[in-house]
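Visitor: Line by line, the protein sequences are chains C and L.
Take any residue in the first sequence, count from 1 to its spot, add 24: that is its number in our numbering.
Take any residue in the second sequence, count from 1 to its spot, add 79: that is its number in our numbering.
What the hints contain is simulated information worked out from the structure, not anything from laboratory work.
Nothing here was measured: the structure is a model prediction, and the numbers come from that model.
Check before you lean on any hint, since a few could be wrong.
[What the hints assert, rightly or not] DEER-style ranges, computed between Cβ atoms: (1) Ala275(L) - Thr229(C): 33 to 39 Å; (2) Asn36(C) - Phe82(L): 43 to 49 Å; (3) Ser117(L) - Lys74(C): 58 to 64 Å; (4) Gly172(L) - Val52(C): 35 to 41 Å; (5) Lys170(L) - Glu73(C): 29 to 35 Å; (6) Arg133(C) - Val114(L): 45 to 51 Å; (7) Ile145(C) - Phe321(L): 26 to 32 Å; (8) Asp197(L) - Asp175(C): 37 to 43 Å; (9) Gln130(L) - Gln69(C): 35 to 41 Å; (10) Lys396(L) - Gly118(C): 57 to 63 Å; (11) Ala275(C) - Asp197(L): 38 to 44 Å; (12) Val114(L) - Val52(C): 36 to 42 Å; (13) Thr260(L) - Trp327(C): 56 to 62 Å.
Note that CB positions come from ideal geometry on N, CA and C, so glycine has one too.
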Amino acid sequence: MKSEKSRRSVVNIGDRIFRSTTWFFAFVVFALVFLMAYEMLKGSQLSIEKFGFKFLTGTTWDPVADNYGALPFIFGTVVSSLLALLLALPLSVGVAIFLAELAPRWIERPMSFMVELLAAIPSIVYGLWGVFVLVPWLRTSVEPKLLAISDTFPLFKGAPYGFGMLAAGIILAIMILPIISSISRDVLSAIPDTQREAALALGATRWEATKIILSDGRSGILGATLLGLGRAVGETMAVTMVIGNRPEISASLLDPGYSMASVIANEFAEATTALYTSSLIEIALILFCVTIVLNAAARLIVWSVTKKFKTA
Amino acid sequence: MRFSKILTLALAVFTLGSASAQLKLNGAGATFPYVIYSKWFDVYSKQNGVQFNYQSIGSGGGIKQITEGTVDFGASDGPMSDAQLKEVKEKQGSAVLHIPTVMGAVVVTYNQPAAGKDLHLTPEVLAKIYLGQIRYWNDPAIKAVNPDKNLPNQAILVAHRSDGSGTTSIFTDYLNKVSKTWSLNVGKGTSVNWPAGLGGKGNEGVAGLVKQSEGAIGYVELAYAVKNNLSYAVLQNKAGAFVEASFESVSAAAAGAIKNMPEDLRVSITDADGKNSYPISGFTWLLIYKNMKDKAKEQEIVKFLTWAMGEGQSYAKDLYYAPLPKEVITLCEKKIASIGTK
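Extracted from the complex, chain C is given alone in its bound form (with noise of 0.2 Å):
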């Protein structure tokens, strides 16, 4: 009777120590997040105190005047990731339709592997690429053409430098393409098969079926679309090499632009006067704040969808 009692209560113990080990672990990413995010508000004071809004809208990026304002980027960063959007959302979304609904396994698993190399290839190493494959093609193919046109088009002005918004957006695109088809193949493969089979037993030629297909998937795929953006907005190194670095708000994709994570790499480490430093953490703190609404807000969705396919 005793050494039963004391058996379990043994058992109990190595239950409960592995129960709180586990919250800890848990606790300490939390924590690790309000940490980063404290210590951003407090670096961030200073600018926050002298510039308030205007930080926002400012567009002069002066070190020497000690005058900062952050529009230019934050224009930078949107713009290209929007662009980045564009370009790589029909061919990720085809590129998941083909690896779910159509491609025979032989070619399925080899491409699914290919596709999802390419999101393990570093930043730095698409940045050389860029500056040494992607920049010249656009100068010398792309851009003489693009300006042949700008007067029926008005987005295509300006020299043709090949560094600029258009290189940043195509590099940005295909490295955010890996992310957005391999999580819309995952959220279409988790469609049961029972939606296909009842749309061609209805009759539905192939394309119809997988047209419904896609509607059921699709706050997926806006999730996964999501997921896409949140890193093509932190990307730092592959951008900075080919932006440009010009911290100008222009319509133009031609024109050479700066974002938000390619300020902060170039200048932080020879930040010369505290509010320098402290302008640089504050566009620092609007990328993380960007970052977390973009990924909670795809996180959300995606399990949302996923769920309700697995009760059904």
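For this one, chain C is given, so just place chain L on it according to the hints.
Guide: Structure of chain L alone, referenced to chain C:
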């Protein structure tokens, strides 16, 4: 078995113990002189047993660390301001001395086949190009200085550094001196609000931009240009002579600036006097506490600095740095002698 374990443990403790008995000096700062400092630390510690630990986190970082007292010495491509010196005095209780160690220069590299290997530029033309006021290669102002070259009607693509850097600091300091418009609108610093052009990250970024884009012009460190066989412009100096950048003309700039050199050696030597001076030259400094709390470390630093002024200078040219001229070394030795005094 047990004896060998004890033996290894004893050996480990002994070597650890003896390692900690060696003096270790920590420093941090500029990336530009990192190559030669590494060489110096290596050679010196083999001769004298003192260990050095240097982190090239940038001049800004070096200044910050010496203000916070986390390092024994700092290094910077740009001198500390009066406000920064006051802050160190308050926080660490000691003044900071600037000891120039080697020299660097900034050259203007370009990609214009029609200009050949010796494009001539005057200060005014260079400033106007960077202000965005001169936009084409066949501008009359450029033609006036290069009458024998047939430059095309091609747009000038200006390249500058996107990251904060001592190179930018020296270059903008020069433009600040030679162009009133520049000093009013832009100013000087490790990062500025560039009126024109694209930013490349690091010397490699600017050189890459220039090499790839026909019609481009940019500025890089002399050491980088020499190592990579880039062609760079011949500049007109203050005396009116056109001087090519070389280790000799850079050292001559320091010698030329000696007349106006302030006692604390915190001086910019761009646009120096002297007909052999290359106009965009600059020192890089070691930031040394005048009175350290640890006297043993202070003595070691003095010994090292004396060595750097002597044998150390002989390593400069092989590593593409310009050595200090002897006039400046004399001034440095006087400064080094004042370490530890009130």
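Visitor: Which earlier hints turn out false for this structure, listed by number in ascending order?
Guide: Violated hints (numbers, rising): 1, 3, 5, 7; every other hint is consistent with the structure.
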